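Asker: From first to last, the protein sequence lines stand for chains A and B.
The numbering used here applies: residue 15 is where the first sequence begins, and numbers increase by one.
The numbering used here applies: residue 29 is where the second sequence begins, and numbers increase by one.
If you are wondering where the hints come from, they were derived from the structure by calculation, not from laboratory data.
Treat the numbers as computed from the prediction; the structure is a model and nothing was measured.
Note that the Cβ used here is the ideal one computed from N, Cα and C, for glycine as well.
It cannot be assumed that every hint is accurate.
[To be verified] To give a feel for the contact side, a few chain A residues facing chain B, derived at Cβ under 7 Å:
#1 Glu79
#2 Val83
#3 Phe101
#4 Phe108
#5 Gln109
#6 Asn111
#7 Ala121
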Amino acid sequence: MLFEVNAFDLPEWAHEELKAQCAERAIGVDELVKYLVCTQVKSLSLQAGTQFTVPPEMESRMVSEGFMVVRRSAEGVVLTPCEPMSFQDALTEFQSNGLTGEDIVRAVDG
Amino acid sequence: MPLRVIFDTSVVLAQMTPDPRSGSVLWLWMTDGAVQPVVSDYLVDELLRNLESSRFRLSRAARNAIVAEYLQYAEVFTNVPSSGAMCRDPRDVPILDLAIWVGIDAVVSLDADLLDLDGEFSFSIVRPMGLHEMLQRSDARDY
Numbered sequence: 015m016l017f018e019v020n021a022f023d024l025p026e027w028a029h030e031e032l033k034a035q036c037a038e039r040a041i042g043v044d045e046l047v048k049y050l051v052c053t054q055v056k057s058l059s060l061q062a063g064t065q066f067t068v069p070p071e072m073e074s075r076m077v078s079e080g081f082m083v084v085r086r087s088a089e090g091v092v093l094t095p096c097e098p099m100s101f102q103d104a105l106t107e108f109q110s111n112g113l114t115g116e117d118i119v120r121a122v123d124g
Numbered sequence: 029m030p031l032r033v034i035f036d037t038s039v040v041l042a043q044m045t046p047d048p049r050s051g052s053v054l055w056l057w058m059t060d061g062a063v064q065p066v067v068s069d070y071l072v073d074e075l076l077r078n079l080e081s082s083r084f085r086l087s088r089a090a091r092n093a094i095v096a097e098y099l100q101y102a103e104v105f106t107n108v109p110s111s112g113a114m115c116r117d118p119r120d121v122p123i124l125d126l127a128i129w130v131g132i133d134a135v136v137s138l139d140a141d142l143l144d145l146d147g148e149f150s151f152s153i154v155r156p157m158g159l160h161e162m163l164q165r166s167d168a169r170d171y
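Just chain B, same shape as in the assembly (with noise of 0.2 Å):
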């Protein structure tokens, strides 16, 4: 069974890049099924926003492309009701939100507001290489 995932946007992108650092490694988890994206509306709006950000210089073709082939593996959800959960910056709450109304096993982050908030809910708030580690806990894949 794939883990059920929230990616922040930002890790999303980042994992796009050729910096070896933050490598692509994300995208070749969602290729093995060892992840499964949850994602809102909320969150495919933001990354609709981003990606069509002066500073990515992107056709609509390339951003079209990297959406669908993000979402291909994702599950989608609309109306995702309000959990009364907070958090210090107020735009990451509807991540919170989802990830308490479906259920998941993590959210995927490099924000500190919410790093911070690891421990707090029934799913666990990690960086890309604390997915890594849960991964290689799971036992699910041989990472």
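Only chain A is shown next, with the shape it has when bound in the complex (with noise of 0.2 Å):
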């Protein structure tokens, strides 16, 4: 979904410090406030989420599925979910489906 943001005044500090950071993690404005917003908005507390790091080919793959990127840098693109669930969140929904391992395996090796 676009959220469309009018041109706002920043304090020159704030507008150092982005353009700091844009450059230092080689990704755009857009890139880094939609990250700021993602992991700073919910509850007004910091949720980010786990980060991790693929090669770039398969960045445009994964922001598809709902990840965004933190940084770029040599070693690859790191990236996080945009909307981030702690693990153990995630183990309890995946459990609540009842199913068991033989049928796990099944399902997925057919």
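Once you've looked at the hints, go ahead and assemble the two chains, each given alone in its own frame, into the complex.
Answerer: Dropping the structure here:
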């Protein structure tokens, strides 16, 4: 979903910090703002998700799956989920389907 | 040094069940640094595709939390060249291609098509219990 933002005034230090962070991470302002909003806005608390690194060729695929770019470097692209959830909560959701290990192996390996 | 391991997708998911026979020891091994998963874009796609399946009834947030948790411990490779290795199930060939190209310690699977190939390559092809035994032998960790 697109979210439109009008131009707004920023303190000079924040403007400089944004530019510096974008340069350091090799990402655009839109990508940095998206990352900041998704990790900070929910419940007005820090909720950054788990981060991982993939080769650049996988970036667009992963972004289309709901991950966002945190940083680009020689080692690859660092991504994190747009909607952070703890692994424990995800595990609980996974286990609530009631499938056994054998069910899963049959379903996946066919 | 952690053992570098390719996990079949069914093993990754089956190890997330509360079933005590298949527990979640794999995830503990990763957290403890005893094993490092090796994955390719093919395997990441397979994991994403399976998690999206309606049988798991997972929200996108849950799916992506699982993928992120797994990949934070993994080495991820793309453009894996064909090795020429053969397998009864052609869907398993990308696992062998990755294993041969990267050079790993073991493939962990529950799939007979892969398990029957143990001994044919420089790496082991074992069930999760077999990896447990490898970890004990490697003396890398106190398991």
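Asker: Taking the hints in turn, state whether each one holds.
Answerer: Going through the hints against the structure:
1. Checking Glu79(A) against chain B: minimum C-beta separation of about 6 Å stays under 7 Å; hint holds.
2. At its closest, the beta carbon of Val83(A) sits 13 Å from a beta carbon of chain B; the interface hint therefore is violated under the 7 Å criterion.
3. Because the smallest distance between the Cβ of Phe101(A) and any Cβ of chain B comes to about 4 Å, under 7 Å, the interface hint for this residue holds.
4. For Phe108(A), the interface hint holds, the least distance from its beta-carbon to any beta-carbon of chain B being 5 Å, beneath 7 Å.
5. At about 5 Å, the closest approach between the beta carbon of Gln109(A) and any beta carbon in chain B falls short of 7 Å, and the interface hint on this residue holds.
6. Look at Asn111(A): its Cβ gets to within about 5 Å of chain B, closer than 7 Å, so that hint holds up.
7. Using the Cβ-Cβ criterion of 7 Å, the hint placing Ala121(A) at the interface with chain B is satisfied: the shortest such distance is roughly 6 Å.
Violation of the numbered hints given earlier is confined to hint 2; every other hint is satisfied by the structure.
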